Amino acid sequence: MEAIQNKLVGPVSDEMALVRAAKGGDDSAFEELVRRYDRNVFRIAQHITQNREDAEDVVQEAFLKAYGNLAQFQEQSKFYTWLVRIAVNEALMKLRRRRPERTVSLDEEIKTEDDSLPREIADWSPNPEQIYTQSELREILSKTIQGLPPGFRTVFVLRDVEGLSTEETASALELSVPAVKSRLLRARLQLRERLGRYFQKRESGDGNQ
Amino acid sequence: MKCSEFLHELTNYLDGVLDETTKVELENHLSWCHNCYVVCDTTKKTIEIYRDSQLYELPEDLRSRLRSAIMTKCQQHKKRGPQSV
Chain A
2 MEAIQNKLVG
12 PVSDEMALVR
22 AAKGGDDSAF
32 EELVRRYDRN
42 VFRIAQHITQ
52 NREDAEDVVQ
62 EAFLKAYGNL
72 AQFQEQSKFY
82 TWLVRIAVNE
92 ALMKLRRRRP
102 ERTVSLDEEI
112 KTEDDSLPRE
122 IADWSPNPEQ
132 IYTQSELREI
142 LSKTIQGLPP
152 GFRTVFVLRD
162 VEGLSTEETA
172 SALELSVPAV
182 KSRLLRARLQ
192 LRERLGRYFQ
202 KRESGDGNQ
Chain B
897 MKCSEFLHEL
907 TNYLDGVLDE
917 TTKVELENHL
927 SWCHNCYVVC
937 DTTKKTIEIY
947 RDSQLYELPE
957 DLRSRLRSAI
967 MTKCQQHKKR
977 GPQSV
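Sequence lines, in order, name chains A and B.
Each position in the first sequence, counted from 1, maps to that position plus 1 in my numbering.
Each position in the second sequence, counted from 1, maps to that position plus 896 in my numbering.
If you're looking for bench data, these hints aren't it; they were derived computationally from the structure.
Note that the coordinates shown come from a computational prediction; the quantities given were computed from them, not determined experimentally.
Any given hint could turn out to be false.
Unchecked claim - Derived list of chain B stretches under chain A, where covered just means 3 residues or more per stretch with a C-beta under 8 Å from a C-beta of chain A:
| # | stretch |
| --- | --- |
| 1 | 897-911 |
| 2 | 932-944 |
| 3 | 960-969 |
Yeah, the Cβ is synthetic: ideal placement off N, Cα and C, and Gly gets one too.
Work out the full structure: start from the sequences and follow the hints.
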């Protein structure tokens, strides 16, 4: 089985050149950074907030904060990782405001080791994504990830959707590497189990969900 | 390797960061333990489906509206000075 390959987000040296130009007052360089990462920030924000308007606000606020604090960016990490950290914080703040009754934290209580042990082992159809139309599939994926605690879905999105490394994810979320790995495993297993309800291999003529 | 050990190494395995010895042990386990094979395969599919889903793509018209709003606010910020963010 092949390992999952990460997506790379732009050449780093080029990114640093843009950051330095932006620090020096070149707004077109900053605009280029916006152009480069706005889709990623929007995706991350919507995964965390599960709300489109909030995600739009987060994109604006995150870039504006990055712009205003560019002088403080130390260039020890990638600009993108730094930007993601700002965006995640903005998104979590939105979520807290929207759901004050629920605790929203990346450090939420981790249950026992057994809580995500697979219970459902049945195999999936060979091409599960083809059972549904594109919009049905998006609905299923969105509903499924929404059911995950914010701390889990944030780690999953940064690692598996956006392709940040474990170390970059840890740095962006201010978590330890073991904490990221533990949340990632649980997130992946929980999503797998929930998606199984839609993707399981069915006997012919069996219409049960 | 036991099933619980497989599960413990699953994330490292899927991320391609396992050392060679553990990888061989894990793949040996997968060759006879059908349940773990299914868990491994469907977890991998879960990741791929999400990664390829184009969930929450930013539409181009909204994208340019957001970008011009950001740049306008940045310029206002520059005029007003650093305390305004």
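(Q) To test your reading of the hints: which numbers does this structure violate? (A) Nothing - there is no hint that the structure violates, so all of them hold.
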